[in-house]
Amino acid sequence: MASYKDIAPFIDTGRNRGSRIFGYTGLGIGTLLLLSCLQFYLDINQLIKEKSLRKDGFDFISVTREITNENMGKDNRLTLANLQEIKSAPGVEDAAPLISNQFRAKVSAGNVIPFSTDIFLEAINNNFLDTLPPGFIWQEGQNNIPIILSSEFLEMYNIFAPTQGLPQISGESAASLNVQLECFTITGVEGFRAHIVGLSDRINSVLVPENFLIWANKKFGQSENAPFSRIYIKTRDANNPNLLQFLDKKDYHVNKERTRFGRIKQVLQGIIAGLGLFAILVIALAILLFAFYLQLLISRSRDNLRLIVTLGYEPGWLGKQVSKRWVPAYGIIVLIALSGAQILHSIFRTSVHSGMDRMSFPISIYTFALGLIIFCVCAVINSYLLRKELRRL
Amino acid sequence: MQIQLQQLQPVYLEKEKLVGSEIWNNQQIFESGSLVEIVAASGRGKSSFIHFLYGLRNDYQGKISLEGVAPDAFNYKQTALLRSKKLSIVFQDLKLFESATCLQNILVKNALTGFSSTDAIEAMAERLGVRNKLAAMAGNCSYGERQRIAIIRALQQPFEFLLLDEPFSHLDEMNREKALDLILEETKKQNAGIVLADLETNPSFPATKRLKL
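First to last, the sequence lines map onto chains A and B. Sequential numbering from -7 applies to the first sequence in this note's numbering. Sequential numbering from 17 applies to the second sequence in this note's numbering.
FYI, nobody ran anything at the bench for these hints, they're computed from the structure. We treat Cβ as the ideally placed atom computed from N, Cα and C, and that holds for glycine. Wrong hints could be hidden among the right ones.
[Said to hold, decoys possible] Derived pair list, reagent style DSSO-like, types lysine-lysine, alpha-carbon separation capped at 30 Å:
#1 Lys102(B) x Lys(-3)(A)
#2 Lys312(A) x Lys111(B)
#3 Lys194(B) x Lys205(B)
#4 Lys316(A) x Lys102(B)
#5 Lys102(B) x Lys225(B)
#6 Lys228(B) x Lys101(B)
#7 Lys101(B) x Lys316(A)
#8 Lys102(B) x Lys380(A)
#9 Lys79(B) x Lys31(B)
[What the hints assert, rightly or not] Estimated spans, in silico, between C-beta atoms of each pair:
#10 Arg294(A) x Gln23(B): 31 to 41 Å
#11 Glu189(B) x Gln287(A): 24 to 34 Å
#12 Asp188(B) x Ala0(A): 30 to 40 Å
One chain only, chain B, in its complex shape:
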């Protein structure tokens, strides 16, 4: 999948925040399999940008095209197909079901795609150090634990691009490395690309393209 951006800018963002951005009001192409890192300070529209790509919001000017089609032009069926087969996401606010267990949170995605076995899910949880949290209510877990559950959930589907919105914000360095390793490994298996939006550059992220928002 190729992502094309043309003169994109949020309708609500102040003009001075657009100045100097390599994405807003610019042309960009994210080729299939590319690892894109987008860095910006708070309030520059990182989450908005990720939501625009995922088709959750359309309050922007300019054009986004996913394989030639704007994400908000898809109908319900096409949107569902896009989100279960081509685009996966880790939200900044995680979007977990707080009153369900961590395992139920992961399985709700896996049930849709039938992508992984329970053993594979448990192995991922083991690797990220949250194996013992699978039976716990998501609402009772720390933010860092929930962040890792959200990452595992995002990996329970085929994808061509993985959208990550500050995915390691509440992880210590060791857990950040583990999570990034898992993400890169799964992305490579699928020959997919990543769009990672964060406050600062991640030295361990092998970006093919680094952009300032």
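Chain A with its partners taken away, still in its complex shape:
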């Protein structure tokens, strides 16, 4: 079977070395830029993701009304219409309101801790809880109310307890405390026994089972479907710039700490996208340069190539043989660009001390895949252009 060396004497590739080297350099720079952009984007995402509280791959963030000088003093609670609007926001998987008690509630810790206070109770759909102890259920007629307490509240209690002569309590011992819960109605008071069944890192509140609060609001409160002051969003990415933009536009307030990186990400994404587009442009220009070079090569060897086809060689085979000459060059360029991306990734990794252990040493599989795609695109375009030119002979 014939090979390239059998037809090589009849194809003039010798001249125009300069434009070929210029094309290779352009392709190399473009590829390095594009791969580095992707790797940098993935590194930043990795750093940001690790900082948010996640459950099954989801982020949960709370949304309230932005309180401004203009709206302060008014009713800024959220309605069902707001809930529907938030559910339709970009990147939102689900949303649920945090309903609160519509009656006065008071807790006292009994004899062990001589402490009593008015309290607010809240409830949310169980799917939005970061911890769901088996005992966190309530049925009508049940006097025992399970509570999930914010771990931050427990921490705060332990800070001020010694100054008030109260004992500090651990998370484990909090569960064994019996608490008296009193619900006030217009006609009187109804008492319940309550106990802490878990601590939540996500929701800063005193949580009771949702069905209990709905029942209690109906029984002790004035309204059944009262507005709510908070909505929790379930999303794949709390730093999703589109989501944050939507919430900002609609004057919703979100936890700044939880989404701080999203705002940085918004800016970084803009810069990376700009650089990425520039890199794609450089690669496209390099491919265009190769296309011109191929056209020149074919027009210079046109008579010989036409004769080779006349003698019985197939244009497709010919195109494949000639384009194969470029494959090693493309391979080397992409490998060099991948090595460059690896070096830049390593420098970035060591410069971000706090995130070093979160980023893997080798560059991402996606960066490798992009390198492979660039290689394939170059080879395919090259081969396609050659075949097209050869069939015109």
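Starting from the structure of chain A, add chain B where the hints point.
Below, chain B without anything else, positioned relative to chain A:
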């Protein structure tokens, strides 16, 4: 392979040149293994006819069929297969790579088909008296030498028909005989046919069919 011609005529040829032709505007069948000699004066379309058969041109009316298919109906792959396995040709203008050696010119065909050994090629060149020209640039050889190189190149493949377009025009009688002997010998080995187009009848060519174009 059988070649069939039906009312074939070049679109550009003057009507008066078609008169009296046994090919143009006629029906002809070249059976497998037949030795066809086509004789015509200059300008009657000999080269055009050979190019029509080889699928290089399609500016004709009527029908040509190679095993039932028109040569210009083949796709790129089928055309390549036809030209490397079934039809071989010696062009009137030879179509050699002038800036390559004579041997490279022959090998470019042989590389495609893997038909002959280097020894066999050298033996053919020896027989036609161009052994010492194999290393020379084709462009530096005389037309007669190049004609013999083109004949050797045409024999570096299997074929069912060999198309010859004035292949001996620049050869003296002795070299013409040698070349014709080699061609007939190789054709016989392959049980193939020949379509020879020339200005005059070749007395040494054992034609089974002689046609006036």
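Verification of the supplied hints:
no. : hint                              : verdict
1   : Lys102(B) x Lys(-3)(A)            : holds, 25 Å
2   : Lys312(A) x Lys111(B)             : holds, 24 Å
3   : Lys194(B) x Lys205(B)             : holds, 17 Å
4   : Lys316(A) x Lys102(B)             : holds, 29 Å
5   : Lys102(B) x Lys225(B)             : holds, 20 Å
6   : Lys228(B) x Lys101(B)             : holds, 28 Å
7   : Lys101(B) x Lys316(A)             : holds, 26 Å
8   : Lys102(B) x Lys380(A)             : holds, 26 Å
9   : Lys79(B) x Lys31(B)               : holds, 18 Å
10  : Arg294(A) x Gln23(B): 31 to 41 Å  : holds, 35 Å
11  : Glu189(B) x Gln287(A): 24 to 34 Å : violated, 49 Å
12  : Asp188(B) x Ala0(A): 30 to 40 Å   : holds, 36 Å
Hint 11 from the earlier list is the only one contradicted by this structure; the remaining hints agree with it.
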